[in-house]
Every structure is written in structure tokens, then in C-alpha cells.
Amino acid sequence: MKKTGAKIFKEVNVVDCGSQTDRKISMEEKAPTIPKRRQELLKWNGWGYKDSKFIVNKDEHVEFTGDRYKLSGHVMPSLREWMIKTIGISLDHRVQSQPELTAADIPAPIKNEAFLHDLRNARISHSDDSQDRLFRAHGHTLHEVFILREGRFSRIPDLVVWPTSHDEVIKVVELACKHNTVIIPFGGGTSVSNAIECPKHETRMITSLDTSQMNKILWIDEKNMTAHCEAGIIGQDLERRLDEKGFCTGHEPDSMEFSSLGGWVATRASGMKKNVYGNIEDLIIHLKMVTPRGVIEKSCQVPRMSSGPDIHHFMLGSEGTLGVVTEVTLKIRPVPTCKKYGSIVFPNFEQGVDCLREIAKQRCAPASIRLMDNEQFQFGHALKPDTSTLFSSFVDGIKKLYITKIKGFDLTKIAVATLLFEGTSDEVASQEKRVYEIAANFGGLPGGEENGERGYMLTFVIAYIRDLGFEYYVVAESFETSVPWDRVLDLCRNVKDRLHRECKDRGIQFPSFATCRVTQTYDSGACVYFYFAFNYRGLTNPVKVYEEIEASARDEILANGGSISHHHGVGKLRKKWLPQTIGDHGTGILKAIKEYIDPDNIFGSDNLVSML
Amino acid sequence: MESQSRNVWIKEGDPSKLGALYKDGYEDILEERRHTSDFRWCTRSRNVQFYQYRHPRNPKQIKDSVLSSDRVQYAIEQVIQESGTTPEETENQVHSILDEMAHNLNLSSVRCLAYVLTKIIKRLYRRIYVNEEGIDTVRTLIKEYPVLLMPSHRSYTDFLVMSYLFYHYDLPLPVIAAAMDFMGMKFVGTLLRNCGAFFIRRSFGSDKLYWAVFTEYVQTQMCNGDAPVEFYVEGTRSRTSKSLSPKIGMLKASLEPYFKAHCPDIMVIPITVSYDRILEENLYTYELLGVPKPKESTSGLLKARSILSEDFGNIHICLAPPISIRTFSEGKINRHIHSLSPRYIASLTKDEEVLLKDLAFVVILTQQKHAVISPWALIASVLMQKTNGVQFEELVKDVEWLKRQASNCGAYVDWPGNESPEHVIRTRLLFHSNKLTISDEDLVELKQISPPSHVDNKTSKDTIISTAAMHVMTSLYRNQLLHVFVRIAMVTIPVNSCLQETLSINSLFEQYTFLETILSREFIFQPGKTREDFNKVLVLLQHAGGLVIDEERNIKIKQSVNKYTTFMSIMFKPFLLGYWVVCQYLLSLAGGNLDARPLARKAKQMRIETQQLILGLLSEGIIKHYEILSLDLIGNALDSLVDMGVISREKRIQDIYFVPQCAKVSRIAAKIESMTEVPATHITDFSTFIIRTVTAKL
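Protein sequence lines correspond, in order, to chains X and D.
In terms of the numbering used here, the first sequence has 595 at position 595, counting the first letter as 1, and numbering is strictly consecutive.
Heads up, the numbering used here is the position in the second sequence plus 612, with the first residue counted as 1.
Since the hints were derived computationally from the structure, they do not count as laboratory data.
Any given hint could turn out to be false.
Pairwise CB distance ranges, derived in the manner of DEER restraints [said to hold, decoys possible]:
1. X:Leu411 <-> D:Asn659: 19 to 27 angstroms
2. X:Tyr522 <-> D:Glu701: 34 to 42 angstroms
3. D:Phe651 <-> X:Glu449: 58 to 66 angstroms
Below, simulated DSS-like cross-link-like pairs (lysine-lysine); rule was C-alpha separation at most 25 angstroms, straight line [what the hints assert, rightly or not]:
4. X:Lys24 <-> X:Lys298
5. D:Lys798 <-> D:Lys905
6. D:Lys944 <-> X:Lys504
7. D:Lys1185 <-> D:Lys1059
8. X:Lys433 <-> X:Lys340
9. X:Lys200 <-> X:Lys575
10. D:Lys1185 <-> D:Lys1015
11. D:Lys864 <-> D:Lys1141
12. D:Lys944 <-> D:Lys864
13. D:Lys1059 <-> D:Lys1070
14. X:Lys504 <-> D:Lys755
15. D:Lys755 <-> X:Lys413
16. X:Lys339 <-> X:Lys361
17. X:Lys85 <-> D:Lys755
18. X:Lys576 <-> D:Lys944
19. X:Lys575 <-> D:Lys944
20. D:Lys1170 <-> D:Lys1148
21. X:Lys53 <-> X:Lys70
Think of the CB as a built atom: it goes at the ideal place given N, C-alpha and C, for glycine as much as any other residue.
Given the sequences, and given the hints that come with them, work out the whole structure.
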């Protein structure tokens, strides 16, 4: 799940990249931020940290708790009205989550005693504690979280193992093969494709292989600007620890607080700043994957080679169907000296898209550039906190602009682009100049730094706010796609229209909320990210209705020339569209690879292509 | 009356005093105009709601966007490469195509026209009824999705009345695809352009530039929802009042944006405009008989002024429930197929074309379903079977009977419930007194009609022609009813002509299929629905028409031949007879020798020669159905035989020649003979006959 933005941490260290001589740095070991017993820090039935959530306080205003984020401890006075007006919630109608599930509510584990016996002898950490298993039974799709809040899982992992090294993973996989048990790799648990859900009809013992204890940065090679890491390290730890040495990978998916390096590889992740640093496939120099056949890896760490089809691409996006990624060598960069946010206000979404396309064409996009449609802008407006000086000009800035400079802009039509520049201060200054010049040709006016920064905050807030929605009969979800430039506008309009119409056709009584942003740009197209929510009061099966609607939206996306997914992956949720996306022979190839690597379906998560 | 307590809440207690402003879901939009100032109405402010995603543009901006579109630019490049014209020449060509095509819709012209039109319409018509529910639906839809209006086409008035309607209800004024006929008219051409008409050539084959400009022009307006787009799927005005086979070119161009995902959906609204009396009844009649229609001209229009003193009764406009192209194509079409090439280059897939053809038929059948049948259409149907006149009393009985049958088939008959049948029928007879007489003995008879001014003296004096004119004109109104009964007749005809005691369902279906095939240019049948239609009709006939089917699924002929089945069969007899004569004509081209190679003829020549032959047969009294003389019927028969592969088309130099395949023709003739009574004449007689009549004409 690519949720949390860059500026989520309380402090951002901009470390001056020192002038050391190039050398290989070995790193000390540190405990991961997310503990082995995840339940001690994270919510059991929602997104993120236990201490951070949206609540409706005693004054009936929405407030964000905790002390972790910039928004923590603040009240957002207009959010309640926005929720009432936009999705039709009512504070009088609440639905509470069920109490925390106990061992009695969770299916008893299937035990393969021989496997357990061998595992114990191998001295590999493992547990069949019901909470440990439950925490690794799901990702964060609506369906999964709804089960946590109101239902029961019919199948969850029977065991959790925590290997601490590549060699231990080899051992676990060997044992699984020997005893014919299933392995489902688990990284950060932020999947939004049902990829870590256990197949319902699997009768063999299922082991969740939690990589979180493989979190070491094994070495940093300054000469080649690479870092060799264990795949279980999560994004925030990776960047924080590289930062201590003056480096970064620059890979910042919105989920980086929780998601793991191995998970990025397995899903073909994309980072917010890919314009400078590239997506995960551009960052990888070397990979190790443990499979039932043995270890797959290349014998060298070269920047590029011509050696037939790139075997890295069998592993990238394999979604746990072939093996476990254990170690990754990544490109690193010096931490940029200058980081600056910015924003552009456009009279409408169409002109914004035209501008982004031009910026992409001229290849001068900053590290990140995103364009929010009007609905999302309004949403941002509603998130304005009460007192903080930090947020004082949240939308007032735009309002001021509106009055002074951009008369004629219609606040119900404008679209806002948020920008993040990185580099030396000179580089940033010249990039800014060029981008704002282009924007001017499309009627875009600079909207200030703070509006930009806040735009990025929005993406992480949304992940938390969904849990508040649940309390008021609102189901919400995000999904994404990639699409050629010539179809971006049509796709955005048609998909939103389709969502609203499907809601209407299904008798949903309240206005539905659909919004999108162009969240990544490429030479030939863009990535579009949708948020969708509706108030299900009066419906008996909201999840089913939601899933039908999302499926029709995906149909619409494909009809509009969009893809099955830009970076969320296929998992089980989008399997049905894969054959039409890659063709019969395409699926044939995937099956053939699976057949060779894992003939007994040890990695039986059943993602991508069904082997039956 | 005063003492009735219900008077507290009743406004008008005496039903006979109620006005006719409202009836059965319809509302008269003319009534208001008769009491208020036309001027104020035409200058009032209009609160119009448009398509939600529309960017407002004026006609000039629309043209500019067409010129700069990828599609047109691409076509220009192609043409430059292929034909070696210079870029300037090519651009100029595009400009002139666009100037010839584009509308110039502007509100001030519309207001002017609305003013004049109100005056004219109020003189010509009594009431214009519109179904309010349809208007309400359109009003909401127009905000949500691009809208395609598809009215039936029976008169020039259609176009004016539709725009008038949209003006009346404060709906966005439609832009209308019109044929080039009007464009040449001085002043009128410009006026129509200003009111939203855009002009499309009838055929433009492989002219790449024209295709590109036309497609882009239609699609850009569709996608942006500048205005609802209106066009006639029948392609031209139906002169016979029967629906014409759909032309799908314009439908393809307008709906393509949905398949290419340019817009979220498109709403197709079939509309039926039903007339009590058609403005062009006289012109159509003579046109069908072969007197060329006068070219559309402004002076001609002015000459037609006299028409203003006549009474054309009511118009009924029914906006049928919209058809969403998304819903219509759900599960049948996968639009992602268009992902692999630029959308302005690729065209629709075969599947999509098939679907749109299907849709076109659905639209026409929907128009038929919502047609408002006037009592006069019932009267005309009876009169066509009693060409020697009928007693008023008997007429009333027959019409009432027919009305019930039509209603049983789902037709909507505009029959005032608060009047006696005698009154209804007598007022309609008086209303159409230009076509009939009522003697002192109450004998109702068709009478000779006065020909329009462009018909020359010799033609108008010709007794056969003028008798035919009288029949053809009445048939225009009977034809309004035919779509209701045609499927029934296709069952009753084989039943009534069956010589055995029983007829199996299978062989009945075989004959039904034959009739559907041969009549498919004459009537509208949804392709692929033959069996379904047939089964429905069988049930209907069993319930309402006295058809008897035994346990072995055989039709019992004796019990099944009755007034009902006979009436239906007779109603359609002229068509079968006409088709039979066409066959005889074709056979005569080989001198009656089935193995000989027949003479080839151009289509037009064939039509004229067949008409000559019929003329001869009528004058000798061999046949008595004058309406067969209609060139429309002859043309349909020939086209249908081409469709069936009975006539082959041969291209010689520039022209297409028709060559009949005599063995096949004679089989078809024999089949028709087995179903209906034909004159006992031999083919050879026909050939000499033709020679005689043709030379006589010369």
C-alpha cells in the first residue's frame, strides 16, 4: 500500500553530505521500528500506529490523536461538515468495531508435526500464537479490514516464522518442501491486493514467513553508490539509517513507514520521487530470492548487462508465488542538500493535466509532481486544523491568491498540483523557475510551498481517515492505474462517472465520493490514483457492493486504455483481468516459470495466475 | 350539480367541458401560445441546463477544434502524401468542407424563427402534444450524459417541431444532421444553419478528408455535449409513412466516442413524431407514382403558402425511454480493444458495427411502438379494402373492431374516450374530406384528389394515375398501422392459403421466414429475432385471432380461417401481388425462358419498366390494386431480391446493372402464387405485354 507521504515524520533530517573518501561502510545492527509482536505498536483492525487515529471528540469535532505526526493533537473544524455534506454521514449513526478477536474466534492452526519438529531442531524462531497469526492473515483492502471489524477469517496462517538471515530462509523453504507445507512471505503487511490472504481451500499447513527480523543494512559501497540490505527492512528504517551516513535510496512509496524492501520488489513498487531516483526496478542492482528450486541470483553487480531476458524481472512483481526475496543491493544517492515543496493552482483539472504532460515532455519534472482534482482539493480544504500556526494558511493561502491574483478562478473547479524539488539549491531554483514558467502557459499560478507540503500530507491522512469513516457507515478505498497521456482526462472523468453511476444503480442512498489525482508522470503517460467512498447505511452487504463497484471501475479503466495496476499489484483482487492484460501466452509463460520453480506450489498464495 | 358535495374539490365537473390541454400523459404545448404574447415568449430569458462536463463553445470554436484535431490533421497529411496536393490546397479543401457542413447555432436566430414558426404552427396545427414524462427524463439526462435524439422522419416539419419543442421546454437546442437538399435554398439554408442544422452529403465514399471532418465534427460535439445531436436514422423522410430501414453511418459516427472511451456513456432517445395529417401528403403521393419532386427552393416554399389555410390537426411527439449505449453493449463489447492505437486512426470493430446495426433496428422498432395511431389510420385501413365505398354504419363497426385488434397488439390509438365512435369517425372523415366523399345515403367513398401544382396537366388528367393517386394517398395513412399487424399477417397468409386441413408449425415457420426475408425492405424486422417474433405472434393469434393449434402442434386450418385472419391477409395482399408482378417482369427479361440469359438493366430502368407494366395491367383490368404502382414498393421488391441473391449486381464501366437469375425468380414467384391469388396470365404474355406498353409509351 502506497500511502504515507514524505513529510510524515516529525523531524526531517537534511544532513549535509560530508566529503568522506569512498569506502565500504558496514552498519551496526539496530532493532526494527516495528516490533516482532506487531500488535504492541500497531492497530489490530485498522491502519497504522495505535496512538494515531481520527476521533470525534466531545465537542463533536474531528481530531487526530497522538504525538507522532504534524497533524497529531489537532482539531479539524470543517472536516465534520465536509463528511456530512460530501458522503452524507450522520454523527447519530455509528457502527463500532467488534472487540478484539480472541483465540476462540480464530481458526485453530493446522499442524504438520514433522515440519514443526524439524523447525524446532533448526532453532528458527516461530509462533502459533493466535494474535501473531491473525496479524499476518491480512493486508489492508477494504474487504480484509472489514472482516477484522465485523467478521471472522475462515483461513489464516497456521504458523509464523521469523528467520533472521538468508540462510535461515533457505532452511525454512527446504523444510516446507520436505513436508509439503505452504509458505506465504510477509513483509510490512501493507498489501492492497489480497496478496497475503490465505487461499480458503488450502488444506496444507500455511506458514507466514515474516521477514521483519532480516532488517540489516549489510554494507554500503560508496565507490559504486550501492547498499546491500536484507529484504525485511522497512522503508522508514532504511532511509533513516542511510541518512545517518548521508545517503538515501530516494524510494518513498506512500506506505514507507510500514512496507518492506522485499515487499517492494515482490510487487514492483513505485516511489513518490521516482522522477529523480526511479521506481524499484530501476534501483535494483542485485537480488537474492530463495525458491523451492534453490537460490536465484546473478553472479555480478553490474549496472546493466545483455544476458537474455533479465532474471530480475521474474522476481520483480512475483508477489510471493515463486519464493522469498532475502537480500537486495540497491542504488543509493547522497542526501540532497535542498528539498523544497511547491504548488500550482490551475483553473481546472484539464489544464493541469495538459501542463503535467508538457512538463513530462520537456523532461523537467521535479522529484515529485502530483495533480489533485477539485474534489481532492476540497477534501484538503476540509482537513484544515484549528490553531496551529503551521497550518494557518492551509487554504487561506489559496483563498488569498484567489482574491488578489486569480480572480475568475472558480474554487469549485480549480485543480492543484503539488511539487517536491530536490537537489542543490541552485538546481532547485532553476527547476522551479522552469516548471512555473511552463505552468503559466497553462493558466497555472504558483500556490505556495505550504499548500504543496500539505498535499503530500493528505495522502497519509487518507489512510488513517478510512478507519474513522468505518465508524460512520462509510466504506472507502483507493485504487490506481497507469494510462497513456492522450487518455488521462477521459479516464479520470469516465471512471469517476462510472463510480457514481454504479452507486446510484445499486440504490446507495447518499452521495458517493470519487476523486483522483495524477500522481506520477512519465514520458508517455501517467499514473492516476483514485479515492472512492460511499455511505452504506441501508445496505446489507456493503463489502460485496463495494467490490462489485470497484470491479466495474476496473473494467472502465481497462476500457479507457488504462492498466490493471501501476504499483499496487495483482494479488488475488485483480487476477481476473490479468489474462486480458498479458494475453494467453503471457499467462502461459508465468505458469511455465511457476511450474519450473515451484512444482509443488509451496509458495501457494495463489496470486497472479491460478495454477489449477 | 351544485348540490354535489364533491364540488368542493372538483374544478370542472362536466367532462364535456374539459379542455384538451392534457390527455393520457400528453401535454399540448401550443395552447399557452394561443393566449400569451408570441413576442414575449420569443424574447424571454431561458434557463438552460447543459451536460455537466461541457466547456461552453460557440460554433466558430467548434470549427476551430475540428480543424486542429488530430484526426483531421492526420487525414490532411495522408491526403498530401497520397494525392500530392499542396498543404495549402488540402487545408483549403478542409475549410470548404467544414464551411459547407457546419451549423451556426445562435440564440437570436432561433428566437426570430421561433417567432415566425409559432405563428405558422398555430395556423397549421391544432395542438402539439408531447409526453411529459419523456421531457422530464430528457431534462435530467441532458445534464448527465451526451444525448442523441433519433426522431422518426415523415415530414420536413419534424425538424422544426423538434427544435420548437426544445425551445419550449428550455432544453438545450439540438444540432441536426440534415441532407444537403436544403443547403442550396437561398436564405432558408442560412436560417436553418443558424438554428442548428448542419449539412451532410448523402454519400462521400472514400473521400478521406470528408470522412475525417464529418467524424470529428460530429464527435467533438457529442463528447463535449455542446448540444444534443439529432439525426434521422431512416436517412430520409419516409414517403409512405412506413419506417425505412436504418442507415447506420451517422449512428456509427455519433456513438464511436463511447467505444473509444471518450465519454462515459451516450443516451439514445428514440422519438416518434405522429401526424394526424402529413403536410406533404400530396407531394408524396405523386412522387411515389413517379412524378419527380420539385427541387427544394425558396420560391417553391413561398408557393406552398396556400397550405397555411389548411388544417393539419394534431401532432403527437413521444420521447421514448432512453437507451444507454453502455447498458446496451454491456457484456457484448470489450472496449479495451481500442487501447492499442491512437483513437483518431482506428475505426470500429466488426462486433461494434453489428451491435450498432442492432441498435438502429431497436430504435426504429421503439419509434413504431410509441407511434400514436390516429382513428383516421384505422378508417383508411378499412377503406383500402372497400374501394367501392362502404356504408357509414358498417365503417364504424369495422373501425371499432380494428381498433380493438390494434390495441390488443400493443398499439396506442388516439381515441377520445368521452366521444361516441360515430362522432369520432365522422369528425375524422370530415377532417380528411379532401380524400373522400360521404353521400346523402351515408356511403363513404374515396375521391379523386387535386394534384400539387408541379404535376403537369396530362398526368393529372390520366384516369389510372389519378385513381392510383387516390389509393396511394389513403394508403399513406393505412401504412401507419401496418407495422402493428405485419407479423400477424405473415402467419395468417400461409394459414389462409393452405389447402390441407392442417399445417405444421414448422412449415408455417418456414413460410413465415420466407415472407420476412422477402418483405425485409418493406417492413422492419430485427435481424436474428425471427423465431422469437414468430412465437409471440402465434400466442397472440391464439388469444385474439382465433388461431387453433392442436395437440400435435399443427394449425387447424378450417377453424383458423375467420374474419380476423382474413382481414389481416387481405391488408397485405397488395404487397405480395406487387412483388409477384416484379418477378413476372424479371422473368420477361429472358422472354419467359428460364435458361436464357436475361437482359441486364439499370435499377432505375427496372423500376420504371415495372411500373409501366403495372400501368398496363391496371388499364386492362387484370389487376385492381392501384397502390402497386408505387415506385417505393417496386424498388423495395427489387432491393430485397438483390439482398436474397436473386438479382445479381454487375458493374459495367461506371454503372451498376441488375441481372435477374430466372430460375430463382420463378421459384419465388411460385411461392408467392401459393400464398395469394394472382392473375391467371402467362409469363410470355407479360413479355409481349411489356413490349406493347413500352412501345406505346414511346
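Checked hints:
1. X:Leu411 <-> D:Asn659: 19 to 27 angstroms: The hinted range 19 to 27 angstroms holds for Leu411 of chain X and Asn659 of chain D, with Cβ atoms some 23 angstroms apart.
2. X:Tyr522 <-> D:Glu701: 34 to 42 angstroms: Distance hint for Tyr522 of chain X, Glu701 of chain D holds at roughly 39 angstroms.
3. D:Phe651 <-> X:Glu449: 58 to 66 angstroms: For Glu449 of chain X against Phe651 of chain D, whose Cβ atoms are near 59 angstroms apart, the range 58 to 66 angstroms holds.
4. X:Lys24 <-> X:Lys298: 21 angstroms, holds
5. D:Lys798 <-> D:Lys905: Judged against 25 angstroms, a Cα distance of about 18 angstroms means the pair holds.
6. D:Lys944 <-> X:Lys504: OK: Lys944 of chain D and Lys504 of chain X at ~23 angstroms, within 25 angstroms.
7. D:Lys1185 <-> D:Lys1059: Answer holds: Lys1185 of chain D to Lys1059 of chain D is near 22 angstroms, not above 25 angstroms.
8. X:Lys433 <-> X:Lys340: 13 angstroms, holds
9. X:Lys200 <-> X:Lys575: Status holds; Cα separation ~16 angstroms.
10. D:Lys1185 <-> D:Lys1015: Judged against 25 angstroms, a Cα distance of about 20 angstroms means the pair holds.
11. D:Lys864 <-> D:Lys1141: Satisfied, since the Cα-Cα distance of roughly 22 angstroms is no more than 25 angstroms.
12. D:Lys944 <-> D:Lys864: With Cα atoms ~16 angstroms apart, Lys944 of chain D and Lys864 of chain D stay inside 25 angstroms; holds.
13. D:Lys1059 <-> D:Lys1070: OK: Lys1059 of chain D and Lys1070 of chain D at ~19 angstroms, within 25 angstroms.
14. X:Lys504 <-> D:Lys755: 15 angstroms, holds
15. D:Lys755 <-> X:Lys413: 17 angstroms, holds
16. X:Lys339 <-> X:Lys361: With Cα atoms ~23 angstroms apart, Lys339 of chain X and Lys361 of chain X stay inside 25 angstroms; holds.
17. X:Lys85 <-> D:Lys755: Holds, at about 21 angstroms.
18. X:Lys576 <-> D:Lys944: 18 angstroms, holds
19. X:Lys575 <-> D:Lys944: Measuring from Cα to Cα gives roughly 21 angstroms; hence the hint holds.
20. D:Lys1170 <-> D:Lys1148: Distance ~22 angstroms between Lys1170 of chain D and Lys1148 of chain D Cα, so the pair holds.
21. X:Lys53 <-> X:Lys70: Satisfied, since the Cα-Cα distance of roughly 13 angstroms is no more than 25 angstroms.
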